[in-house]
Structures are given as C-alpha cells and as structure tokens.
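Q: All chains, please: the whole structure from these sequences, using the hints.
If you count the sequence shown from 1, you need to add 6 to reach the numbering used here.
Think of the hints as simulated: they come from the structure by calculation, not from any bench.
Errors might be hidden in some of the hints.
FRET-style restraints, in silico, Cβ to Cβ [as the list claims (entries may be wrong)]: (1) Ala286 x Leu78: 29 to 37 angstroms; (2) Leu82 x Lys184: 54 to 62 angstroms; (3) Ile13 x Asp183: 21 to 29 angstroms; (4) Val197 x Val287: 39 to 47 angstroms; (5) Asp177 x Ala279: 48 to 56 angstroms; (6) Val50 x Trp275: 46 to 54 angstroms; (7) Lys10 x Leu91: 54 to 62 angstroms; (8) Val165 x Leu247: 20 to 28 angstroms; (9) Ala286 x Leu62: 44 to 52 angstroms; (10) Glu107 x Arg343: 50 to 58 angstroms; (11) Asp186 x Ala353: 48 to 56 angstroms; (12) Leu189 x Gly88: 43 to 51 angstroms; (13) Tyr355 x Leu83: 22 to 30 angstroms; (14) Asp177 x Val197: 15 to 23 angstroms.
Using 20 angstroms as the maximum straight-line C-alpha spacing, the simulated SDA-like pairs for lysine to any residue come out as follows [unchecked claim]: (15) Lys299 x Asp205; (16) Lys184 x Gln199; (17) Lys184 x Val170; (18) Lys299 x Val287; (19) Lys299 x Gln215; (20) Lys10 x Ile342; (21) Lys299 x Leu46; (22) Lys10 x Ile251; (23) Lys299 x Ile251; (24) Lys184 x Asp195; (25) Lys299 x Asp195; (26) Lys299 x Leu221; (27) Lys184 x Arg61; (28) Lys184 x Pro168; (29) Lys184 x Val166; (30) Lys184 x Ala24; (31) Lys184 x Tyr45; (32) Lys299 x Ala209; (33) Lys299 x Pro252; (34) Lys10 x Tyr28; (35) Lys184 x Val165; (36) Lys184 x Ser162; (37) Lys10 x Ala353; (38) Lys299 x Ala345; (39) Lys10 x Ala345.
These numbers were taken from a predicted model, which means no experiment stands behind them.
Positions of the beta carbon are idealized from the N, C-alpha and C atoms, including for glycine.
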Amino acid sequence: MTLKRQINFWLVSFALFALFVYLFSPILLPFVAGMALAYLLDPVADRLEALGLPRLGATIVILVLFVLAFILILLLLLPILGNQLAAFLEAFPNLVSSLQELITSGFGSRLFETLGIGGQELKANVGSLLGEGAGWIGGLLKSVWNGGQALLSVISLFVVTPVVAFYLLLDWDRMVDKIDNWLPRQHRDTVRQLAREMDLAVAGFVRGQVSVCFLLGAFYAIGLAAVGLNFGLLIGIGAGLVSFIPYVGATLGLVVSLGVALVQFWPDWPMVAAVLAIFAVGQFLEGNVLQPKLVGNNVGLHPVWLMFALFAFGYLFGFVGMLIAVPAAAMIGVLIRFALNQYMASALYTGEATAMASGVPGDAVGVLPEEKVESRDG
7 MTLKRQINFW
17 LVSFALFALF
27 VYLFSPILLP
37 FVAGMALAYL
47 LDPVADRLEA
57 LGLPRLGATI
67 VILVLFVLAF
77 ILILLLLLPI
87 LGNQLAAFLE
97 AFPNLVSSLQ
107 ELITSGFGSR
117 LFETLGIGGQ
127 ELKANVGSLL
137 GEGAGWIGGL
147 LKSVWNGGQA
157 LLSVISLFVV
167 TPVVAFYLLL
177 DWDRMVDKID
187 NWLPRQHRDT
197 VRQLAREMDL
207 AVAGFVRGQV
217 SVCFLLGAFY
227 AIGLAAVGLN
237 FGLLIGIGAG
247 LVSFIPYVGA
257 TLGLVVSLGV
267 ALVQFWPDWP
277 MVAAVLAIFA
287 VGQFLEGNVL
297 QPKLVGNNVG
307 LHPVWLMFAL
317 FAFGYLFGFV
327 GMLIAVPAAA
337 MIGVLIRFAL
347 NQYMASALYT
357 GEATAMASGV
367 PGDAVGVLPE
377 EKVESRDG
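A: Written out as structure tokens, the structure is:
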C-alpha cells in the first residue's frame, strides 16, 4: 500500500469513527463509561492475576468492591448534596440580590465613588453582570439536566455501565492481543511504540487526574464546611470535580465561595479571608504536590490544548465528547509529536536531499567550514 493510500485509509477511518460518535452520542455514555472503567481497573486485575487469582475471579472481586464503594458514597453524600443543591437553587435569587446590594451599598461603594462611578450606574452595571452570570449558571444546569435526559436515563447508566465494564475487563487482555495480531507486519514495532506512549499519556493523566480531583474535592469540601460556609460541601466537591479542567474548577469554586461568604459573613473579614486562604492553599497543593506526584510532568498535555479539546469535543459530540476528549487529546498529542520527530529526521528538514541533488556537500549547505568560522571570528 502506497503512502497516499495509507493516508487516505486513515483519514476515511477517522471520519467514519467521528460520524459514528456523532450519530450515536445520545446512547454512548454507558458504553464509554464502562470502557473507561475497564481501562482504569485493568492494572488491578492484572495484579490480582499475578497473585494467582483467575481473571474471572479478579474481575468479579474488583467490580463488586467498586460498586459497593460507589453505592456507599452515594448513600452517604447524595442526601446531603441533594439537600444543599436544592437549598442553593432556592436561595440563589436572594443570594444574587444580597450580593448586588452589598457591592453597591456596602464595602464596594467607597471604592467605586473614588473611581468616579455613580451609584445608579454602579447598580445598573452590577445588576446586569450578576444577572448574566445567574442566567449562565441556570442555563448550564439546565443543559446538564437536559443532556442527562437525552442519554436515556441515569438508571440506564448505572445498569449498563457495570455490565459493559465486566465483559470488557474480563476480556481486556485478549482484546489487546487480538488487535496486536491485526497490526501490519511492516509497521508493527512503530505502532506498538505509539500505543505504549498513548497508554502512558492517557493512564498517567486520567488515573492521576482522577486522584487529584478527588483529593481537591475532599480538601475544599472539608475546609469550607469547617469554616461554616453555607453550601460549603456542595461547592467544595463541585470545585474538585471540575478541577480536571485547568484553573476552571478553582476559579469557579473561589468565585461562588467568595460570593456566598460575603453575603453570609460580611463585615467579618477574617472569615472571608479564611475562604480565600482555603483556595490559595488548595492551588498550592495542586501545583506543587498533587500534580507532580500523581500526574507527573511527562504526560505531554498542555493546559491550553486540553481546554480546547474539551470544548471542541463537547461542542461536536455533547457530553460523551467531553468524556472522550482527554484520551483523544492525549493520543492526538502523541501522534503530533511522532509526526514532528519524523519531520525533524527527514531530508525535508535536514536538507540532505537538496544538497545531494545540487552536488554540494551536506556540511556546506548554509554552514561555514570551521576554518572560515574561526578566521571570521578572528
């Protein structure tokens, strides 16, 4: 197969895959979640196999423990989070009004008067800003709810996902071996190396980032609840869950927490400062302890590239697209680095083919001989 035909084959394959995801995105969530769960738990199953447990037994033990832990977490946290979410949505209009009044008539009035901004103008601007923010948050919650309804139902997710994860985890190694046998002989070593790099990138980021989000959510929730912030548990867990998007989780959590803290604690500045300190410490721990230890520096996912992938895949494929955005971004990054390395080693970059075609020695193409360099320096 010529290079042109290979490129056309892979482009057509990618287009068909994208079309498949686009067409079936409303029903793919349980299957994508099951595949992700099997991928994340496969190393645990391999370790249990190494200890002498059959693959079937290892799969059953892992999934039973995972489901029990998940149910326990739901039973413990779901009633609390549900009550806090309902109370937050009910109090949100009053919270926005109180915050607007506090900014226009309280601590912010002197500052804005110094800047030459009148009271009526300030109230109009702040009211417009807070109204747009409230509308955006309401629209976001509505879109999430509608998206959840479009994905058949939450019940289907809880029922189908464990079944898909069970069968995929049971046959994971056999599927990998089968795919390995399908690789073209001529490019098998190259494809294997790319697959290993993709696996390291995806596993390093996803498994590490899941741990980071869990730890940050626990830290924020405990810290905000400890200072007595209303809805602190809900805000903290929410900020931790969104922390897989660089800077977005901490920023949203800080903005919402400060808004609630100003309305709740004002004029008690130390309590507001305590809320600010919680997020400052959380960001320090994330950047200097959690990310280096759990994710590492060799994953190769730039924050800007990650955010672009999340928005692009989410726009194209909805919520399912956001789930596959991170592994897709990691794999595309590996392919781009491979293509760049191939280009850097090619005659197109080094110019060797041009030099040979012109009959000029390669070291003379755009390079001065050492003697001439020395004499010119002299």
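Q: Give a verdict on every hint.
A: Structure-based check of all given hints:
A hinted range of 29 to 37 angstroms holds for the C-beta pair alanine 286 and leucine 78, which are about 32 angstroms apart. Here the CB-CB span from leucine 82 to lysine 184 is close to 41 angstroms, at odds with the stated 54 to 62 angstroms. At about 28 angstroms, the CB distance of isoleucine 13 to aspartate 183 agrees with the hint of 21 to 29 angstroms. Between valine 197 and valine 287 the C-beta distance comes to about 45 angstroms, which sits within the given range of 39 to 47 angstroms.
A hinted range of 48 to 56 angstroms for the beta carbons of aspartate 177 and alanine 279 is consistent with their spacing of about 55 angstroms. A hinted range of 46 to 54 angstroms for the beta carbons of valine 50 and tryptophan 275 is consistent with their spacing of about 48 angstroms. The supplied range of 54 to 62 angstroms is met by lysine 10 and leucine 91, whose beta-carbon atoms lie about 55 angstroms from each other. At about 23 angstroms, the CB distance of valine 165 to leucine 247 agrees with the hint of 20 to 28 angstroms.
Taken as a hint, the range 44 to 52 angstroms holds for the pair alanine 286 and leucine 62, whose Cβ atoms sit roughly 49 angstroms apart. Our hint of 50 to 58 angstroms for glutamate 107 and arginine 343 holds, since their Cβ atoms are close to 53 angstroms apart. For the pair aspartate 186 and alanine 353, the supplied restraint of 48 to 56 angstroms is violated, since their beta-carbon distance comes to about 32 angstroms. At roughly 49 angstroms, the beta carbons of leucine 189 and glycine 88 sit within the given window of 43 to 51 angstroms.
As the Cβ distance of tyrosine 355 to leucine 83 is approximately 54 angstroms, the hint placing it in 22 to 30 angstroms is violated. Between aspartate 177 and valine 197 the C-beta distance comes to about 21 angstroms, which sits within the given range of 15 to 23 angstroms. As the CA atoms of lysine 299 and aspartate 205 are separated by approximately 18 angstroms, the hinted pair is consistent with the 20 angstroms bound. The straight-line distance between the Cα atoms of lysine 184 and glutamine 199 is roughly 17 angstroms, inside the 20 angstroms bound, and the hint therefore holds.
As the CA atoms of lysine 184 and valine 170 are separated by approximately 19 angstroms, the hinted pair is consistent with the 20 angstroms bound. Only pairs whose Cα atoms come within 20 angstroms are accepted, and lysine 299 paired with valine 287 is accepted, the gap being roughly 17 angstroms. This hinted pair checks out: lysine 299 and glutamine 215 have alpha carbons roughly 11 angstroms apart, not beyond 20 angstroms. Between lysine 10 and isoleucine 342, the direct Cα distance comes to roughly 18 angstroms. Compliance with the 20 angstroms bound is thereby established for this hinted pair.
Restraint check for lysine 299 and leucine 46: satisfied, since their Cα atoms lie roughly 18 angstroms apart, inside the 20 angstroms limit. For a cut-off of 20 angstroms, the pair hint linking lysine 10 to isoleucine 251 is broken: about 37 angstroms separates their Cα positions. The hinted pair formed by lysine 299 and isoleucine 251 meets the criterion: a straight-line CA distance of about 18 angstroms does not exceed 20 angstroms. For the hint pairing lysine 184 with aspartate 195, the CA-to-CA distance comes to about 16 angstroms; that is within 20 angstroms, so the pair holds.
A threshold of 20 angstroms between alpha carbons decides the hint, and for lysine 299 with aspartate 195 the separation of about 31 angstroms lies outside it, so the pair is violated. The straight-line distance between the Cα atoms of lysine 299 and leucine 221 is roughly 13 angstroms, inside the 20 angstroms bound, and the hint therefore holds. Between lysine 184 and arginine 61 the CA atoms are separated by roughly 17 angstroms; this keeps the pair inside 20 angstroms, and the hint holds. A C-alpha spacing of about 23 angstroms is found between lysine 184 and proline 168, which places the hinted pair above 20 angstroms, so the restraint is violated.
Note on lysine 184 and valine 166: the hinted pairing is violated, with a Cα-Cα distance of about 25 angstroms set against a maximum of 20 angstroms. Of the pairs offered as hints, the one joining lysine 184 and alanine 24 is violated, with about 23 angstroms between alpha carbons and a cut-off of 20 angstroms exceeded. A C-alpha spacing of about 16 angstroms is found between lysine 184 and tyrosine 45, which places the hinted pair at or below 20 angstroms, so the restraint holds. In summary, the hint linking lysine 299 to alanine 209 is supported, as the alpha carbons are separated by about 14 angstroms, within the 20 angstroms threshold.
For a cut-off of 20 angstroms, the pair hint linking lysine 299 to proline 252 stands: about 17 angstroms separates their Cα positions. With a C-alpha separation of about 27 angstroms, the suggested pairing of lysine 10 with tyrosine 28 is violated against the 20 angstroms cut-off. Note on lysine 184 and valine 165: the hinted pairing is violated, with a Cα-Cα distance of about 28 angstroms set against a maximum of 20 angstroms. A hinted pair counts as satisfied when its Cα atoms are at most 20 angstroms apart, and lysine 184 with serine 162 does not qualify at roughly 30 angstroms.
Pair hint lysine 10 plus alanine 353 holds up; C-alpha atoms about 18 angstroms apart against a cutoff of 20 angstroms. Restraint check for lysine 299 and alanine 345: not satisfied, since their Cα atoms lie roughly 29 angstroms apart, outside the 20 angstroms limit. Of the supplied pair hints, the one linking lysine 10 and alanine 345 holds, its CA atoms being roughly 16 angstroms apart against a limit of 20 angstroms.
In this structure, the hints that do not hold are numbers 2, 11, 13, 22, 25, 28, 29, 30, 34, 35, 36 and 38, in rising order.
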